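A.B. asks: Residue numbers (the numbering used here), protein chains in the order written: chain A, 38 to 442; chain B, 38 to 442.
Warning: the hint list may mix true and false statements.
Treat identical chains as interchangeable: a pair holds within one or across any two.
Unchecked claim - Straight-line Cα separation of at most 30 Å, DSSO-like style, residue types lysine-lysine; simulated pairs: (1) Lys87 to Lys326; (2) Lys87 to Lys399; (3) Lys240 to Lys135; (4) Lys40 to Lys87; (5) Lys240 to Lys87; (6) Lys87 to Lys135; (7) Lys326 to Lys40.
In short, the hints are calculated from the structure, not lab data. Note that the coordinates shown come from a computational prediction; the quantities given were computed from them, not determined experimentally.
2 protein chains.
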Amino acid sequence: MKKNVLAGQSGGPTAAINASLYGVLEEGTRRSGQVGQVYGMCNGIEGFLKDSIVSLSETLSPRQREILRVTPGAYLGSCRYQLPADLSDPVYPAIFEKLEALSVGYFCYIGGNDSMDTVSKLSAYGSRQGSSIRFVGIPKTIDNDLVCTDHTPGYGSAAKYVASSVREIGLDCAVYRQPAVTIVEIMGRHAGWLTAAGALARKYPGDNPMLICLPEQVFDLEAFGRRLEQALQERPDVVVCVSEGIADAEGRFLCEYGSDAGVDTFGHKMLAGCGKVLEQFVRSRFGIKARSVELNICQRCSGLAASRTDLEEAALAGSFGLSQALEGVTEAMAAFQRTGSSPYEIRCTMEDVSRICNQEKKFPAEWITDGGMDIAEEFLSYALPLIQGEVQRPMENGLPLYLYR
Amino acid sequence: MKKNVLAGQSGGPTAAINASLYGVLEEGTRRSGQVGQVYGMCNGIEGFLKDSIVSLSETLSPRQREILRVTPGAYLGSCRYQLPADLSDPVYPAIFEKLEALSVGYFCYIGGNDSMDTVSKLSAYGSRQGSSIRFVGIPKTIDNDLVCTDHTPGYGSAAKYVASSVREIGLDCAVYRQPAVTIVEIMGRHAGWLTAAGALARKYPGDNPMLICLPEQVFDLEAFGRRLEQALQERPDVVVCVSEGIADAEGRFLCEYGSDAGVDTFGHKMLAGCGKVLEQFVRSRFGIKARSVELNICQRCSGLAASRTDLEEAALAGSFGLSQALEGVTEAMAAFQRTGSSPYEIRCTMEDVSRICNQEKKFPAEWITDGGMDIAEEFLSYALPLIQGEVQRPMENGLPLYLYR
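Excised from the complex, chain A in its bound form:
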């Protein structure tokens, strides 16, 4: 009897996570000689435990699959659920009972670090039990912080959104002659890959963003002030990109500087992002116009600047992951190795998921320049191939047509 595929999505939404689901679904359909249904678990492993399952292969038409491919978010819904470290926990037999009942042979989990941890634990439990179910991870994160892979699906589209937006913010800032500083706060609590993408926005030498600060580097407010003063001598309209997670030498997050402020009308501590804190700093230090722009969740969930390369690779990771599971591979994550730079070329490999799940790939220290205020050229060569190509999205009534569950 043919075994079924069970796919899930976990962690934060991205512009490309549904492209990976599309990849799994298409591969499952192509391999109908070996594969029965392709099921989706709704809201990840947490939903699966509540029997929240949908058959993707039976319900989605070819047209709907194509829309799924370009729909941002997470079509199946997501969860933030960590399996217990203790493999003798009763949740494990409960999951495996449900997997057996559904005749699942191939388990594909699309997500970041925490999701790979789920794959790792289920693989370990399964192998102890002599289960024949294959568990594979499909990488997904705008943070680009997974090890053992050149980059992660979702990063290219988020980087393209950030670079486009920072370029456009630069155009906005350029219209007045008065000195002004605009702080762009970009996602990334521990890894600066996405903030670094601000550097792609530059069009000519001396173009904005003038400063780029990542969480991998200690943030010194005084040094920042001095460097900003220099930047303001070069041009009146200074744009700065900062990671949400920048912290000082004592490890104190910049965004915590604001919380000294006291309580708001409702009796709660004011919570401000580091952009807001730096905006206030600029106003206080230089007495000039300052504003902050938090790119916020749009940078991870918008399809407006989706990268064709990213969506194609995301689908590839999904189909490759399932194809490898069908070959018997388990406890592994689909990964990209860069085999060529010009032209850009990757090949897929499967990497040990237990090596991946508890590590973070930091932005390389040697690519951080200008005393922690800028990014090296090498990063541009690394990132540019990932943002290439536009995605033709189906439109309806002037707006993108997306797939809803």
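Assemble chain B onto chain A, guided by the hints.
C.D. replies: Here is chain B on its own, set in the frame of chain A:
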């Protein structure tokens, strides 16, 4: 001797203001039998007073003009400069001396309310002096708040950006099952047209945004809390759109509620948008996850969701305005009258600029429904034609190619 055209841009940047400049430039080029140069004043009338002028007709190639058309921001730079009410102020003869020296016959000023005030005053002064210079205004504002015109160039693209982003934020919010409220803060201090565009994001009955609050309606925090409670009973992932300028019955802006908080690390009052204030309110009242997203300057300066209709109409307003000036019209603004709804059709007229410059077109009270928490269907019929069509932008290395001065 042929007279020259002088074009300027003023007020906040938009995705379409350069399309209007393109329209002026193209019309000037087409009418080379009557028109000499098309000059641009850099940073509006303020820059003109400092002789900051560029010849557009001599410097921009056809390819560059096409890029100009789709470049957001304000290519010539902008200003916020109000001419004195007293027409005997020495600034007037100074301006006219410069205009005569440059052999300007046609003055085209692209902007919003304040810019139309400039056109009105220069026209009035000119007519007193018996000047033959023709002064016309070309409308521009994402706020859509100019009277005597069906809508304003720049609004359609901003509305499309808002609607796309709110739809995508809705997808992002839908991935988890936990109750959570996301407040989207949209530009509009006095007029709610842009916030209302959030309603275009809905894909099915009961879809997000669940509540939409405009500044034309008194904002009652208690009523908002009650309505939000109902919304949370309908779905766990509630998205709310609010104008930055919502205010209570005492006329106190919601964003001022936050400033009771005290001072920040740098000794300044904390400044928070109304989204942040409502986020804290939700957390405090319901004890659930809450976040706020300020669409910020990207909603006015991004080309990512530019509307083809908007950019075409913006160019039309520019070319029509200059063509009318060439016919002898002065002291007037190019305007759109809607002559058909299905199919959508407009015709251009010239309207008395002095009637326009000191008025604001509010969002119609009869289109505000649900006790000030939603928008009527009539608005959708009004706004949908304005967001139709995509703009093919030239790309370079994965990012939009824009024109820099």
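A.B. asks: Take the hints in turn and mark each one as holding or not.
C.D. replies: Comparing the hints with the structure gives:
In the homo-oligomer, the alpha carbons of Lys87 and Lys326 lie at most 30 Å apart only across protomers (23 Å), although the nearest pairing inside one protomer, at 53 Å, exceeds that limit. Taking CA atoms no more than 30 Å apart as the test, Lys87 paired with Lys399 passes in neither setting, with 36 Å inside one copy and 50 Å between copies. For the homomeric pair Lys240 and Lys135, neither the shortest alpha-carbon distance inside one copy (54 Å) nor that between copies (34 Å) is at most 30 Å. Within a single copy, Lys40 and Lys87 get their C-alpha atoms as close as 21 Å, which meets the 30 Å cut-off; across copies the closest is 77 Å, which misses it.
Proximity of Lys240 to Lys87 under the C-alpha cut-off of 30 Å is restricted to the inter-copy arrangement: shortest distance 28 Å between copies versus 51 Å within a copy. For the identical chains of this complex, Lys87 and Lys135 are intra-copy neighbours only, at 10 Å inside a copy versus 76 Å across copies, given an alpha-carbon limit of 30 Å. In this assembly of identical chains, the alpha carbons of Lys326 and Lys40 never lie at most 30 Å apart, being 63 Å within a copy and 40 Å across copies at closest.
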